[in-house]
Amino acid sequence: MVATSNSGKQLAKMKIGSKGHVSHFTDCCMACKLLSMGILPGTQIEMIRSAPFGGGCYIKADNLLIALRKSEACCIVVR
Amino acid sequence: MKPALSPDPEPKIALIGNPNSGKTSIFNQLTGLQQKVGNFPGVTVDKKTGTLELSNGRHAKLIDLPGAYSFYPTSKDEKMVVQSLVQPGNENYPDAIIYIADVTKLEKHLLLFSQLKDLGIPVLLALNMADVAEQEGIQYDLEKLSRKLEAPTLLLSGRTGEGMGKLKSMLVDLLDEAPVAPLNSTKYRLAPEESKIINQIQAEFPGYTPYQLVLMAHHVKWLPFLNPNQKALIEQAISNSGFQDLQMQVEETMQRYDQFTPIVQQSREKDSLHEINFTDRLDDLLTNRFFGPVVFFSIMLLIFHALFTWAELPMNFIETGFGNLSTFLQNHLPQHWLTNLLTEGVLAGFSGIIVFVPQIAILFFLISLLEEVGYMARAAFMFDRIMQFFGLNGRSVVALISGGACAIPAIMSTRTISNWKERLITILVTPFISCSARIPVYTVLIGFVVPPTKIGFVSLQALAFMGLYLLGIVAALLAAFVFKLILRTHETSYLMLELPAYRLPVMRNVWLTVWEKVKTFTVEAGRIILIITVVLWVLSSFGPPGAVKNAEMAAQRSAKAKNLSADDTQDLVDAKMMEASFAGQLGKFIEPAIRPLGFDWKIGIALITSFAAREVFVATMATIYSIGHQDDEYSIHEKMANQRDPVTHKLIYSPATSLSLLLFYVFAMQCMSTMAVVYRETKSWKWPLIQFAFMTGLAYLSSWLAYMWLS
Chain U
1 MVATSNSGKQ LAKMKIGSKG HVSHFTDCCM ACKLLSMGIL PGTQIEMIRS APFGGGCYIK
61 ADNLLIALRK SEACCIVVR
Chain H
1 MKPALSPDPE PKIALIGNPN SGKTSIFNQL TGLQQKVGNF PGVTVDKKTG TLELSNGRHA
61 KLIDLPGAYS FYPTSKDEKM VVQSLVQPGN ENYPDAIIYI ADVTKLEKHL LLFSQLKDLG
121 IPVLLALNMA DVAEQEGIQY DLEKLSRKLE APTLLLSGRT GEGMGKLKSM LVDLLDEAPV
181 APLNSTKYRL APEESKIINQ IQAEFPGYTP YQLVLMAHHV KWLPFLNPNQ KALIEQAISN
241 SGFQDLQMQV EETMQRYDQF TPIVQQSREK DSLHEINFTD RLDDLLTNRF FGPVVFFSIM
301 LLIFHALFTW AELPMNFIET GFGNLSTFLQ NHLPQHWLTN LLTEGVLAGF SGIIVFVPQI
361 AILFFLISLL EEVGYMARAA FMFDRIMQFF GLNGRSVVAL ISGGACAIPA IMSTRTISNW
421 KERLITILVT PFISCSARIP VYTVLIGFVV PPTKIGFVSL QALAFMGLYL LGIVAALLAA
481 FVFKLILRTH ETSYLMLELP AYRLPVMRNV WLTVWEKVKT FTVEAGRIIL IITVVLWVLS
541 SFGPPGAVKN AEMAAQRSAK AKNLSADDTQ DLVDAKMMEA SFAGQLGKFI EPAIRPLGFD
601 WKIGIALITS FAAREVFVAT MATIYSIGHQ DDEYSIHEKM ANQRDPVTHK LIYSPATSLS
661 LLLFYVFAMQ CMSTMAVVYR ETKSWKWPLI QFAFMTGLAY LSSWLAYMWL S
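Chains as they are written, first to last, in my numbering: chain U, 1 to 79; chain H, 1 to 711.
Worth flagging that the hints you see were computed from the coordinates, not collected in a lab. Watch out, some of these pointers could steer you wrong.
[As the list claims (entries may be wrong)] Listed next, the in silico DSSO-like pairs over lysine-lysine satisfying Cα-Cα at most 27 Å (straight line): (1) H:K270 <-> U:K19; (2) U:K13 <-> U:K70; (3) U:K70 <-> H:K270; (4) U:K70 <-> H:K76.
[What the hints assert, rightly or not] Not the full set, but computed from the structure, chain H residues with beta-carbon under 8 Å of chain U: (5) Y69; (6) S70; (7) K105; (8) L246; (9) Q247; (10) G292; (11) M496; (12) L497.
[Claimed, not checked] Here chain U is said to cover these stretches of chain H; the calculated rule only asks that three of the stretch's residues, wherever they fall, bring their Cβ under 8 Å from a Cβ of chain U: (13) 250-261; (14) 373-382.
Quantities reported herein were computed from a predicted structural model and do not represent experimental measurements. C-beta atoms are modelled at their ideal positions from N, C-alpha and C, and glycine is treated no differently.
In isolation and in its complexed conformation, chain H is listed as follows (with noise of 0.2 Å):
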């Protein structure tokens, strides 16, 4: 039984609800900036966590745990929830549950309701959408719904932040209540298979109540914390007793809607006014069979061109801004070898990391916004028999269009999909989608490929931009395609989606949204791209012992003896150094494998930078061609414009080879932060490598086929 509970430091608090209760709003009203998501351990869901300060000045422990519709989960969000409080000793077992119920629905919100009951913790109902329901007429007599239901109940809205003193005196008082005798009942009347099996387990468990008994049972195939001999007496009870999961189920759920759906009738005294409303019209255009698509592809066309327009400023802003202090400390701090690891290595590595963040905030703040309107599952839903056809799900669609930002956070949201094998190939086709590190290689590449020239109003090169986009698409699906035929599971698919009532967004869950994603961008992924860049420029200024020194006596001399004049012998020091160092060496080593492929040995090196993180092409790149400071990506296509092979003469960027370089980013797997968090979302090292392998494999197959074809 519960401790009673004296005043505990921290007291921790769940938040339970439906999905779609707008559990979210009521977190983020109640924790604001205060929250941190982290990992449940052993399992790959997301943890939100946040200090809730209460109305006596004390503090607790705010836990949000993914929304559910019953014990009985379907995906590993919700199997979350059963985990967390089927087991008393659990870390996340609450003090206290404030449970969120859409007020406009509750007769189908109450059965997790019902069920959390049974637990024996004190439940709080919050019955959310407060304005929803003053504008649609409905209203209750919370007094008689508290009663019946024996729960303090209030209403309240997240949205405008009513209600929200109310509830932090509430959860005092409900965290202050004496505690009751240990709960030894349930809500329904148990089946007397499932008597049976309390009556045969509950030695084994003291503390569990009764229901938490009967989960066990129905959960016993995958609930981690029972060790094998627990595992063994469950199942032993479970045969004797003639123990029928499903049946068990669907009559527990029948038994607990007929008890709490006369209550809240009886309780309502107004109901919804019933109008056809604006869900229902809007509905009629966005998912038409034929408009649907056409709207949505508009959607999509409009959110990158606003990405690609909107993100130009502040991206020239942070690359000016950074580049000027590095001038200045090259200018005021000693001329010393640290110096330069300090503003090549280290400050460009920052703004390496930097430059992306508009880019990856503008689009996650454009799909949150779209996700907060409730468009995001009109988008599965229209989909989803499309995917299906490709192994993957229509909650597909959201991670492959977060991809366009970053694909860290769009496989990390794909652990909504319940079936393994249709969130696995999401994860492993996520990649293929072109994201905003790809950009300013394409940037630099096209204008080598595709003349500047307009067709009407279209420029060509834009075209050509976006048929990069589509090359990423379609191998997306073609590999989704294949692994769906190679990989086999007996487990059922499913859609199964509620689609909430369109509203207006509320922006502080958008703005927390885009928060939480530019910082695990800039945490995963920046981490990575920091070292790659320092590590780059340590292996181009070092070289084996007297290597470089030598080549740049050599060239200096050679200079002199071809009359060059001061800016081509700096070039030519420069280049002979580079050919020199670490980097240079690693670059010719691999010469001989990429030559088929238009490559020479310093593309070699961008290539081989690149496989940790592509943003740091373009800094190769500017170290390769001694650009030093100005290293946007209009400077460096100059410099790259008239680099031609010292022996033939003949342009090192031409088509052929620049259409093969670029074919070879929009396939590669050049990500270690992705192949990390593959790694970490799956459990396994096998699959980021196979996806490693695949998507290089093609970027290689299709670099060749492209320089052959061209040349």
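Next comes chain U alone, as it looks inside the complex (with noise of 0.2 Å):
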């Protein structure tokens, strides 16, 4: 579930309203972090914006709000 496969990309990547699903985590500590918040492979993730400034990212993970950095993000592979 910690992996670095090819398919899907990074969430910090995603259009803003783009859907899709989590698929892995390239980062084993951010992962542990992720997962206790409710970020699971499977969560379904929607890039809602982007932070004023540059900043990072508003996303939707099934009914939770989340605010993410971009260095934060660019762990989480979506499909």
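Fit the two chains together into the complex; they arrive one by one in their own frames, and the hints show the way.
This is the structure:
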């Protein structure tokens, strides 16, 4: 579940408004934290908007609203 | 194993849950004003405890542990939860646990619950937000849920109070249950490495459940209760078994989710209607890339405007009240230095503390309202990138805004910032934000620098006021940037913030927060202000033996010789007596150091007293310029406006000196209470001293430059 597969794109690169499902994570440490918050493989992700001043992203994970930095979103691969 | 629960005089119950689960509301509902905020010993994390009256008349101690997502903590707050629950002997180790989960997001809120079940402590599952569930059409088969999750379950609402009675009676049942056999298993399948570790260390830790032993292996590096031998034993077991911290975490977490997620889904009778909701629409505007910041700054302006307008009436009321009391006492008590000590020392001290309460209460009321409603999380999200540039965290925004009231509670609120460097920098720079104590100083001095003219609707002085605030903010950010470059850390920094749905504020929570913050200010800052005011009175009333008396007589002779009026004579006498007192001597002593800034020895006295607390500036000025009981900013301003240098006859409070003094107060660290809190939060005197040095250094420099430039 933490792998470096080639299909799917990083959450940080998703277009605003697009949806997908979490495929896997690319960093073990981040994965642990994201898992405990409720972002699991299979969770439906919707990219809602990015922050002002070039900041992070505002996403919907199932029915949770979560703010992530780009560096945190990079570890999530979405299909 | 836990001893059988006899009617324990006061069983300990812990309140645990995710952040945003509404735990605070439940705590407040259960304890009301019967709560107090203290400290976890050795750690600077707020420990909220309260007394809960159970349905059979017994009392229990309720401990509100910080919100956490799991036993794998990110911040100091979350570490507290682990610390308290891993060690059965710990003073916070509960007899029972109330686990609070948001019923509208149940699949996401049960990870910690699942972990708690492996501790062997009786757990009660409280599904909070029943009111929201009803609105959204969510319904659960509670009996099924309770059975499959193996915990008594109930539905309640921290907002409406629904279910509180049932909670209390279920707690009694939970506490009175016959103790079960000690827990020897875990809910998830242990990895072979974990089993190996358990086998190797369990002899050293009798009475711990297998999962507690696993947690100790994960957290061996920082758990404070392990002695060096125990640490060595665990680390040995880890290397023997091939234990991989992160991988085991992931494996365990996934297994737990796999277990309870189907249970939740199967017990759900009706799911949410999933309509586009209010929160999404509102966030379209409030977190919009352009309008988001615009709205934020508008809200900030509104808050500070409200602060000044709403606070005026109560502040005048308080000042007049104390003034009248003081006059009354002066008239009715015998003429004696003790009376003066009481009225000009102690009473003035109390007045000086209480007069700030309206501003602090109002600002924290508004901030707490924004927090309750869910807006502060959005602010943290929007400004995180900018904050990071300055070495801070999105969450630092709350501390910086709170600093506008008082830095003390602001600094204490940094405990939710997980990264040590970000948290330290926030603590170091927050005092640059102009706190309420600086406002009287600005009020008195601005008139000497900026004339009371208006440009259209806006007064020049109001603009100058805003300018001073802006200076504080800029200084905070620049100082943060410098520290970012100087301090080194390899620790990762996180935002990963859950944004709660917007909701109407639960006013009980707001009021209790305001009460707590005001209490913090009154006690922490109040102590120092009172002491300093009394010390100031002593230092300015007494001098080296005979000096004050001689000065008085010399002044009277001199006044007679110059044929001065009665009022002028009194002024001269008061001034000369002040000069001969200890306070005066101190002022004269530092005068050479402050001459380059345009300050004389009288201002020197004010600087000295202000170093303990800025709030005493006005009282000091009143003492120095002998205004007696008329110590409101306007009469002081008048008196100061007429002060002239005895030799050159130039105005003392020229624009140059006044601007210089203003800038000094904007930047200098003049608050012992803040330094004391910084010491407590950073556990070292190094940081408060560094803070004192750079803030006062900047103050001196800017004062000097301003004075050079304007004179």
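Hint check results:
1. H:K270 <-> U:K19: Given pair H:K270, U:K19 holds - Cα atoms ~25 Å apart, limit 27 Å.
2. U:K13 <-> U:K70: holds (9 Å)
3. U:K70 <-> H:K270: With Cα atoms ~36 Å apart, U:K70 and H:K270 exceed 27 Å; violated.
4. U:K70 <-> H:K76: Judged against 27 Å, a Cα distance of about 24 Å means the pair holds.
5. Y69: Holds. Min distance 4 Å.
6. S70: Since chain U brings a Cβ to about 4 Å from H:S70, closer than 8 Å, the hint holds.
7. K105: holds (6 Å)
8. L246: holds (4 Å)
9. Q247: At 7 Å from the nearest chain U Cβ, H:Q247 passes the 8 Å test, so the hint holds.
10. G292: Holds - the Cβ of H:G292 comes within 8 Å of chain U, reaching about 5 Å at its closest.
11. M496: holds (6 Å)
12. L497: holds (4 Å)
13. 250-261: holds (count 4)
14. 373-382: holds (count 4)
Going through the hint list in order, the structure does not satisfy hint 3, though it satisfies all others.
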